[in-house]
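Number of protein chains: 2
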Amino acid sequence: MSEPLYDVIAIGNAIVDVMAPCEDADIEKLGLAKGGMTLVDTARAHELYDAMGPAREISGGSAANTLAGLAALGAKCAFIGQVADDQLGEVFAHDIRAGGIAFATPARADEPPTARCLIFVTPDGQRTMNTFLGASQFLPAEALDEGAIAAAQVLYLEGYLWDPEEPRKAMRRAIAAARNAGRKVAFTLSDAFVISRHGDDFRALIADGQIDILFANEHELAALTGNDDFERGLAELSAKVPTVVVTRSEKGAHAVSGGEHAQVPAEPVAKVVDTTGAGDLFAAGFLFGFVRGKPLAECLRLGAVCAAEVISHYGARPEADLKELVAERLGA
Amino acid sequence: MSEPLYDVIAIGNAIVDVMAPCEDADIEKLGLAKGGMTLVDTARAHELYDAMGPAREISGGSAANTLAGLAALGAKCAFIGQVADDQLGEVFAHDIRAGGIAFATPARADEPPTARCLIFVTPDGQRTMNTFLGASQFLPAEALDEGAIAAAQVLYLEGYLWDPEEPRKAMRRAIAAARNAGRKVAFTLSDAFVISRHGDDFRALIADGQIDILFANEHELAALTGNDDFERGLAELSAKVPTVVVTRSEKGAHAVSGGEHAQVPAEPVAKVVDTTGAGDLFAAGFLFGFVRGKPLAECLRLGAVCAAEVISHYGARPEADLKELVAERLGA
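As they're listed, the protein sequences go chains S and P.
42 is the number that my numbering gives to position 42 of the first sequence; each next residue is one higher, with no gaps.
54 is the number that my numbering gives to position 54 of the second sequence; each next residue is one higher, with no gaps.
The set of hints was computed from the structure by calculation and includes no laboratory data.
Hints may contain errors.
Same chains, same label: a pair holds when it works inside one copy or across any pair of copies.
Dumping the calculated SDA-like pairs for lysine to any residue here, alpha-carbon to alpha-carbon at most 25 Å [unchecked claim]:
{"no.": "1", "residue 1": "Lys323", "residue 2": "Asp50"}
{"no.": "2", "residue 1": "Lys76", "residue 2": "Gly100"}
{"no.": "3", "residue 1": "Lys323", "residue 2": "Arg173"}
{"no.": "4", "residue 1": "Lys271", "residue 2": "Glu328"}
{"no.": "5", "residue 1": "Lys29", "residue 2": "Ala93"}
{"no.": "6", "residue 1": "Lys294", "residue 2": "Ser196"}
{"no.": "7", "residue 1": "Lys169", "residue 2": "Gly252"}
{"no.": "8", "residue 1": "Lys251", "residue 2": "Glu47"}
{"no.": "9", "residue 1": "Lys76", "residue 2": "Ala181"}
{"no.": "10", "residue 1": "Lys34", "residue 2": "His94"}
{"no.": "11", "residue 1": "Lys76", "residue 2": "Ala20"}
{"no.": "12", "residue 1": "Lys240", "residue 2": "Pro268"}
{"no.": "13", "residue 1": "Lys271", "residue 2": "Asp321"}
{"no.": "14", "residue 1": "Lys240", "residue 2": "Gly252"}
{"no.": "15", "residue 1": "Lys169", "residue 2": "Glu260"}
Please build the complete structure, drawing on both the sequences and the hints.
Encoded structure:
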């Protein structure tokens with residue numbers, strides 16, 4: 001097995017976030033599932049955008065956010081995802097490349113437009129996401145650069161990609177390519193609702209031993225295992241997956257790897273402004289530690305520091321200098 | 001003269017800001033005029049975007065920012081400006097309407113695309129703007145809703161619109177429509193470089209008594225009057241314009257109206273994050289006081305509070321609840 005060209009290669013939805021603050025009453029009035037991710041069609045996307053206050057656009061997408069964090073920490077990364085040949089597609093491509101991440105998936109010429117996620121942020125910092133998948137759902141299996149996948153230490157996949165049919169097929173092919181090359185496959189469950197739609201697929205992948213590193217929050221853990229008891233759910237999953245990382249919001253995070261347990265408290269944050277990307281950036285910090293061979297507890301600490309940074313401001317991409325921040329918090 | 005339908009109607013460039021932090025060394029390397037506004041063509045816009053870090057998109061445009069502030073304070077406003085029929089045009093139109101501002105200028109079907117301003121923000125919070133005018137420069141005189149202009153207490157114009165030829169013509173027609181209806185015309189000089197290009201036009205407008213309220217910063221005042229002495233420049237200008245408002249960054253602001261002088265110190269800001277929109281929001285606060293018939297000193301205070309809000313975060317549109325902020329700072 002040759003020296004990896006990339007630390008992490010990720011496949012994910014290529015999404016631009018459209019974000020605006022709102023009141024809790026708006027969430028109710030618009031019939032939104034607070035804190036969740038809901039897929040929306042064109043008509044609903046227009047309806048919600050019309051109801052949204054003045055917004056700002058910031059590149060997003062779960063796995064892409066994770067890579068942005070990884071690259072900011074100093075990892076070598078590549079992204080595979082589908083944008084359309086339009087202005088939001090240019091924005092997404094610019095932002096990911098400007099972060100130093102290789103991105104070679106050609107923009108798609110036809111309709112629909114680039115994916116966007118309409119994110120309503122309530123005063124408690126909670127984000128409620130409404131995703132119009134657009135071009136992202138047409139990521140073809142041919143877009144996979146299997147050479148690049150084979151040349152990355154870790155392949156990172158987001159559960160959200162299980163919703164659209166074409167990328168789902170591409171995912172399976174990507175997993176095979178990574179495993180054949182002896183690389184690690186990391187997977188994030190993304191959202192409890194995604195598990196309600198695709199839990200059987202996810203459980204089968206896990207039972208087949210296809211996943212080396214699994215990221216979940218405690219709700220997703222419960223949804224996947226059908227077990228509301230945190231300890232039992234974790235024990236069940238860690239019997240099947242070599243490394244399991246579970247985030248628990250203000251209760252911190254817990255990891256089990258090869259029988260070793262580690263825990264970390266949540267990193268203090270002056271004010272939670274917008275929780276969008278908290279899990280994505282936790283995964284970024286953890287994976288950075290993982291690819292650098294750091295002890296499990298340190299991987300968790302890295303995750304906690306990166307998550308704390310991203311929830312202290314609007315948007316799911318890091319704003320602070322993560323290298324500096326990590327050096328300051330963990331010691332150089 | 002009938003009761004005004006709008007407090008303020010503005011004509012301005014319809015621009016989406018593309019903003020990213022950078023170092024002072026980048027400003028130098030890219031050959032940018034720090035703190036200024038430079039017009040760029042397609043090639044230069046691409047070159048600068050390629051050199052820019054991960055960015056965020058927030059609606060901008062000088063006069064549009066001022067209206068966003070005015071509307072947030074509770075004024076009734078309308079905007080006239082040209083976007084293209086594209087995604088950034090939708091973003092601009094959404095954001096202005098979501099702020100409660102009437103905006104009826106139809107999107108333009110042809111190339112070029114909607115205007116964007118590539119803004120590099122240095123660690124000192126200074127913004128360096130590079131504007132690709134795109135569709136904005138094709139605002140036709142026919143887009144003016146002269147009925148709406150006649151029905152607004154104040155017509156507000158930005159000096160930036162003097163750069164492109166078509167809007168320049170439209171401006172003159174708008175001024176005539178407002179004056180014929182007995183309304184006030186407010187004008188912001190925008191930028192010292194704009195004055196170097198169009199100072200003669202501006203001076204002629206002023207000499208003709210076409211401008212009732214003039215906004216400038218001290219550099220623009222010096223550029224317009226050719227007088228580096230602040231007091232003298234102000235005296236010269238206030239002899240020709242009924243109300244002159246001059247902002248002086250951390251030195252506060254000064255206004256002269258009908259012979260009365262008023263001054264206000266700069267409002268304290270915990271941290272200057274991004275000065276984009278400082279002058280625009282100062283004008284918003286001042287004009288709000290003006291249309292509500294407040295004393296001159298209070299108009300200045302309103303300007304200072306709004307400017308302080310906008311420089312405390314990224315983007316030239318207000319994020320805080322300006323009504324609340326003003327009530328808190330000035331008393332209900």
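Hints that the structure is at odds with (numbers, increasing): Per hint list: 3, 6, 7, 8, 12, 15 violated.
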